[in-house]
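Participant: Spelled out from the first residue to the last, the chains are:
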Amino acid sequence: MKIIETQNLHKIYNGSEIPVHAVNGIDLSIEQGEFTAIVGPSGSGKTTFLNLLGGLDKPSEGEVIIDGINIGELSNKQIINFRLKNIGFVFQAYNLIPVLTAKENVEFIMQMQKWNKKEREQRAIEMLEAVGLGDRLKSRPGKMSGGQQQRVAVARALASRPKFILADEPTANLDSASTENLLSIMEELNRKENITFVFSTHDQRVVNKARRIITIEDGKIKEDKGQ
Amino acid sequence: MEIIKIAWRNIWRNPTRSLVVIIAVCFGMVGGGFSTAVMVGAVNQRIEKAINNESSHFQIHKKGFLDNPEIGNYMSDVNAFLPEILKKPFVEAGSSRLKIDCSIASPYQNTGAILLAINPEDEIRVTELENAIVEGDFFKTDGKNQVILSSSMADKLKLKMRSKPVLTFLDVNADLTGGAFRVAGIYHTDNQMFDDMHIFVKRADFESIAGFIPTDAHEIALRFTDNENLTSRSEEIQAILPESIDGKNWKAINPDLGMMNMMTEQFLWYLVAIIMFALAFGIINTMLMSILERKKELGMLMAVGMHQGKIRRMIIWETIFLTLIGSFAGLLINQILVSLTAKNGINLSAYAEGFSSFGFSAVLYPEISLNFYLQIVALVIVTALVAAIFPIIRAGKMKPAEIISSN
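Which chain is which? The protein sequence lines are A and B, in order.
The working numbering applies: residue 1 is where the first sequence begins, and numbers increase by one.
The working numbering applies: residue 1001 is where the second sequence begins, and numbers increase by one.
Don't read these hints as lab results, they were simulated from the structure.
Heads up, some of the hints might be wrong.
Claimed, not checked - Subject to a maximum C-alpha distance of 16 Å in a straight line, what follows is the list of computed EDC-like cross-link-like pairs (lysine to aspartate or glutamate): (1) B:K1343 / B:E1367; (2) A:K114 / B:E1367; (3) A:K117 / B:D1205.
Unchecked claim - From the derived model, a few chain A residues whose C-beta atoms are all more than 10 Å from chain B: (4) I12; (5) S145; (6) R191.
These numbers were taken from a predicted model, which means no experiment stands behind them.
Backbone N, C-alpha and C define an ideal beta-carbon position, used for all residues, glycine too.
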């Protein structure tokens, strides 16, 4: 079942004197449950592509269809709601809310989705246990290592059962042990909960774990291995 | 609820910075609040003194007397309406006075004055002049032709207790008459102008010299149980009075006092508004710094699906918390200062002469109403909302895509 589909996707930035064609006609489809890495050199357009998939940016041309919905046709308000309900984000810099505890951070998106308190607390604990942080429920991000914070970010992204997870360089700030640990957790959650993962990464360790590797160069797909 | 919790915790991320704003707001509140309390206290004291010593709550005259206070412009049968007025539950007491211009002469000097011929028993129930006596008493000792005058007039005429100045005035037929009166008391109020002009004699003495009878009066002063419902009470009394008689409450008799009251209120609002306006810049600065520091976090919130409206609410709550904490602390300190100084007053005796020339006491008793506090809290919230506008606009310009790109 196709979860993500792009058709003739273009993104052109007109900010400087010469327009930059960051994404240049990408046609792609990703099935439910895939564990996909998008790789490519810096400036190849992978982050822009991820932004377009996540509805954080609007394409200059072409379509992004998520679970059958063309997100380009949604209003700003609808796209925000769409992101809230369907997409989980994991960022390179974790971006947890520093004034909330690990558990409160994981609960946050569920709370915005208006889950009832008991259910969201239960789910937050379950997810933090799944990422090996069952003993750090009350810790604030500032008291945790980078690896632990990224695991909380993964738990937060997964807790509300989104249709897929977009992770932009999730291991860029982590050491080898933390990277290995995080990838194992994500792989396991991918298998257990059949959640689709799409990474943009430079990290060979992530590439090695991915079951599908899409290489982007100059805004185009250069190679698509493991489809 | 979560937004409020995050907003509350956000303001404590950088406690030093938040405390600087909170302390600034606190001092602003103490400055504005205490100035207000002192000024309100001073004006209220002035009004209270004016009511207690000078005008009372309500005065009745023959129409035209206030514009033309001639000896013949008097009410001739006050018993036709006064008993009915005194029955009103809000009327505590009334004093029927004869009031004329006179000349008072000592062996050294003479001067003009306003002579008030009063029944001491009635007068002490209407005014508090008895409490202003600094030498002698308020007609408590028997004796004919006694006069009470102010210490400033006594000094001017070089009169002492038991001196015998000569009072000259017109009688009921507008013929010049007068007599020697003995100084039985010397008073001193905080109103220099009042002191310089007014002398008091007993009605009985004056009636016998000037040819008036007890039911004649130039002025009837009424004391109410309190200062409430002045307008409706005035109308109620006016309805009893014959057409040729006119009644006025203290605000109408002393329009300057009513005006002073209103102007003070307005001035104080301007003062507090200016303080809040200045503080708003500090709040805006702090909030903008806070927003820029959290740029990534706000971008993340937008990315994961938080609407701009919620982000705006979070910023507004943060601003409100900052200002309210400072305000409550400031108002609390203010209340403590007011409580401490309201008991014994702030003694500004060094400037007594200046205060007295404007009718103010040199000992000020600050006071502040609950209503003022409520209005201040409302103003603080408005200031917080206004101060939140710029940070909200700044946050609104952030694009969630930037958060990923900036990684």
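Participant: If a hint holds in the structure, say so; if it doesn't, say that too.
Facilitator: Outcome of the hint check:
| no. | hint | result |
| --- | --- | --- |
| 1 | B:K1343 / B:E1367 | 10 Å, holds |
| 2 | A:K114 / B:E1367 | 49 Å, violated |
| 3 | A:K117 / B:D1205 | 88 Å, violated |
| 4 | I12 | 15 Å, holds |
| 5 | S145 | 18 Å, holds |
| 6 | R191 | 24 Å, holds |
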